[in-house]
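From these two lone chains plus the hints, build me the complex, please.
Protein chains in written order, with our numbering: chain A, 33 to 246; chain B, -5 to 216.
Since no wrong hints were added, every one of them can be taken at face value.
Not the full set, but computed from the structure, chain A residues with beta-carbon under 10 angstroms of chain B:
{"hint": "1", "residue": "Glu71"}
{"hint": "2", "residue": "Arg72"}
{"hint": "3", "residue": "Arg91"}
{"hint": "4", "residue": "Ser108"}
{"hint": "5", "residue": "Ile112"}
{"hint": "6", "residue": "Asp113"}
{"hint": "7", "residue": "Ala114"}
{"hint": "8", "residue": "Leu117"}
{"hint": "9", "residue": "Ala118"}
{"hint": "10", "residue": "Ala120"}
{"hint": "11", "residue": "Ala213"}
{"hint": "12", "residue": "Arg214"}
{"hint": "13", "residue": "Thr217"}
{"hint": "14", "residue": "Ala218"}
Pairwise CB distance ranges, derived in the manner of DEER restraints:
{"hint": "15", "chain 1": "B", "residue 1": "Ser79", "chain 2": "A", "residue 2": "Gly191", "range": "48 to 56 angstroms"}
{"hint": "16", "chain 1": "A", "residue 1": "Gly149", "chain 2": "B", "residue 2": "Ala50", "range": "49 to 57 angstroms"}
{"hint": "17", "chain 1": "A", "residue 1": "Ala212", "chain 2": "B", "residue 2": "Gly74", "range": "23 to 31 angstroms"}
{"hint": "18", "chain 1": "B", "residue 1": "Glu169", "chain 2": "A", "residue 2": "Ser209", "range": "33 to 41 angstroms"}
{"hint": "19", "chain 1": "A", "residue 1": "Arg152", "chain 2": "B", "residue 2": "Ser82", "range": "54 to 62 angstroms"}
{"hint": "20", "chain 1": "B", "residue 1": "Glu169", "chain 2": "A", "residue 2": "Arg194", "range": "35 to 43 angstroms"}
{"hint": "21", "chain 1": "B", "residue 1": "Lys86", "chain 2": "A", "residue 2": "Arg194", "range": "48 to 56 angstroms"}
{"hint": "22", "chain 1": "A", "residue 1": "Gly163", "chain 2": "B", "residue 2": "Ala194", "range": "44 to 52 angstroms"}
{"hint": "23", "chain 1": "B", "residue 1": "Ala194", "chain 2": "A", "residue 2": "Arg179", "range": "27 to 35 angstroms"}
{"hint": "24", "chain 1": "B", "residue 1": "Pro21", "chain 2": "A", "residue 2": "Ala199", "range": "49 to 57 angstroms"}
{"hint": "25", "chain 1": "B", "residue 1": "Ala194", "chain 2": "A", "residue 2": "Lys158", "range": "42 to 50 angstroms"}
{"hint": "26", "chain 1": "B", "residue 1": "Arg190", "chain 2": "A", "residue 2": "Gly163", "range": "38 to 46 angstroms"}
Partial pick of chain B residues on the chain A-facing surface, computed with a CB cut under 8 angstroms:
{"hint": "27", "residue": "Ala118"}
{"hint": "28", "residue": "Val152"}
{"hint": "29", "residue": "Pro180"}
{"hint": "30", "residue": "Leu181"}
Honestly, the hints are just simulated from the structure, not real lab data. All C-beta atoms in this analysis are idealised placements derived from N, C-alpha and C, irrespective of residue type, glycine included.
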Amino acid sequence: MIQLWRLALAVLVCSIGGMVQVADAQNGLSAGNFHPPPERAIPDTPLGRAIRFGEDIFRHTRAAAPAFVGNELACSNCHIDAGRLADAAPMWAAWVAFPAYRNKNERVNTFAERLQGCFRYSMNGKRPPLGDKVLVALESYSAWLARGAPTGAEMPGRGYPRLPKPALPPDYARGESLYAARCATALTGPASRPRDRWHFRRYGGGTPTIGGPA
Amino acid sequence: MRLRSTLLGPALAVAVWPTGGWAAASPRGEAIAQHGAAGAPPCTACHGSHGEGNAALQAPRLAGVGDAYLAEQLAAFAAGTRVNSVMSPVAKLLTVPEQMAVARYFSRLPPPVAPKPATSGGAALSPGAELALRGKWPEKLPACVQCHGPAGIGVGAVFPPLIGLPSAYMVAQIEAWQHGKRPPGPLGLMSAVARRLSPAETEAVAKYFAPTGTAQPNGTGR
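Chain B on its own, in the form it takes in the complex (with noise of 0.2 angstroms):
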């Protein structure tokens, strides 16, 4: 399946996609994405050449992200749900019709490869790693891959993929749910999840996610 659509990804895509709107749409997010529209930059000049990400920048990763969270997304930073200095404007410039088509051109894309994921083999596992694969029931935190895969690799269209996002990142995230600055999400799930985690929580469960041998930039954007 990795092999598949690493090879065909999007091109796949385009071939099986039943009728309407995809085909049409495939291009116009490849040129959207790539080129920019409107006075929009291009995403890739952020989120990177193939989707991957920048850590640096804060961008997180775009290529396999299912689409209709990425749509969410746009259409939250377009109507100012979500709040980001770079992406709110460029939401902005964007029609709804470029929006979902732009999602669907990256949640068509292979997913860089991801980290080896920690194994826990039994030994004592970090903090991070406890939440992310544990969860803390006594006070009602389930494990983060349970709603985000094993390893946290996404599952489906609306629970996005954590591992290699950059920590700062993802710190910011919960953040902001935790501050009412982020739509709460499908049922509510990251809100209610968000304010039950403490700061020191926080940041051991965005390093345990974070790309591995890459510097994160420390405490920017917070």
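Okay, chain A solo, but in the shape it has when bound (with noise of 0.2 angstroms):
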């Protein structure tokens, strides 16, 4: 239940960030020079089909691979644009980077065991078994989205951009001016009307700003 308490209160400050920028002009934030594949250059062969679905999982996570999925969330919520844009943790940037060591978990993961992370944590849900067709379809799209970066570079704009350290220590009083301007329009409001309560959870601008995945 505090796991996904965090997870909501993360995606929802990543809502937030994303208001934001959108309010800000071009600020300047770096989106690196790869450009992955559009939509429409997708072929229509059983790669293809298996790399289509994999998009569809990353749009619509619950529709797709219910079996996995324990809540509202959906792949693009945090991986902006289905995982295309630089600085929103852009999964062609994510391919070329695994197998790696992982902290968290002290030992080499591959790039599905990672994904296999995501279900069972930021989706709420349950670890797809390695070589389920959810898990070939995302490893596929993931693949597809990353055709011609550089294996193992370290790709700019991957993952969020890291803050500078703020300058000032953190104080209740300026947060609180703080919210009531920047984050009270889709926090307070929507959440004063039943149907609206979490719309800025599952449907949140995204997080180019804001660094940390759940």
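Structure (structure tokens):
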């Protein structure tokens, strides 16, 4: 329960980050030079169908992979533009970075194992078994997005941008006025109507400005 | 939820509203909406007897739209920061409490039955559906539905519904934001978004949300 609450909070904060991002004019985030192929370039082949299924899972996770999902989130809530956007944990940058040693579980993880972790934790669900068509589709989609990217290279735009250390120490009063000015529009307002309470958790604008996935 | 609000909408809202302003304001809001006030014509003359809107007049629907949003628009018309030849003089005839009462009245009316939203189904999306449902992230354009709710049904009191808006009306609003002729909205969100839309994209996305099966006046009021 705590886990879910923390996840919800992270995504809510992310949503606001995205909205503020929209409000600010061009604020000069590094976009990197890599451009993943557009959806219309997915080939009409058996591999293409797996890629397409992967993109479908990415956008409509609960509907496309119900056996492994325990909440209303979708991959594309955090991996903006279905894993295409630089600085929003793009899949083309993740694909070329695995297998990798992770401090979290102190061993070398394959890309598929990393995906399993997303389902178990972020999606509050179950790990799809290795080789399951859901994992195969997500691997196919990620590999296709990364086509042409140099394997093992540190891709600009991977993950989320690191924020500089704040100049001032944390402060409740400043936090309260900042919340009122920049956050309440999407949080307090919708929360007052039951239908909309979780809207920005599910549909949140995305997070090119706030670091750290769940 | 839909059923309950359809059957009991305004009555229920009056009954459950805690105390103070609302219970007194609602009948006043209804009176203004249906019969006008102090020289102001009734809202329903253009916006429909149930606040359902009128595409031929470019009058958006008001039923079920958030009260904060509606009150803000009336205030903007009255202050001259939003300009419309019909609405500006009408809003100036209403006092601030009257503006709020009428905003509350319409926000509690049941929304008209929403047109069936287009399904993506994996097939290629139209350019309008693409913008509405997915956005255009390389150009920092989020999808409309990310703030305006699934299928554009509206969220909370400040993100109005888009579904069923007359397309000429929506185009005119986006152009107004592009030219600084409408207040930028909460956090400046809509003026930032509107300035990233090309004329073709504006037309496409307005068509996507327009009522289905209703003739749209071609390019009126632009």
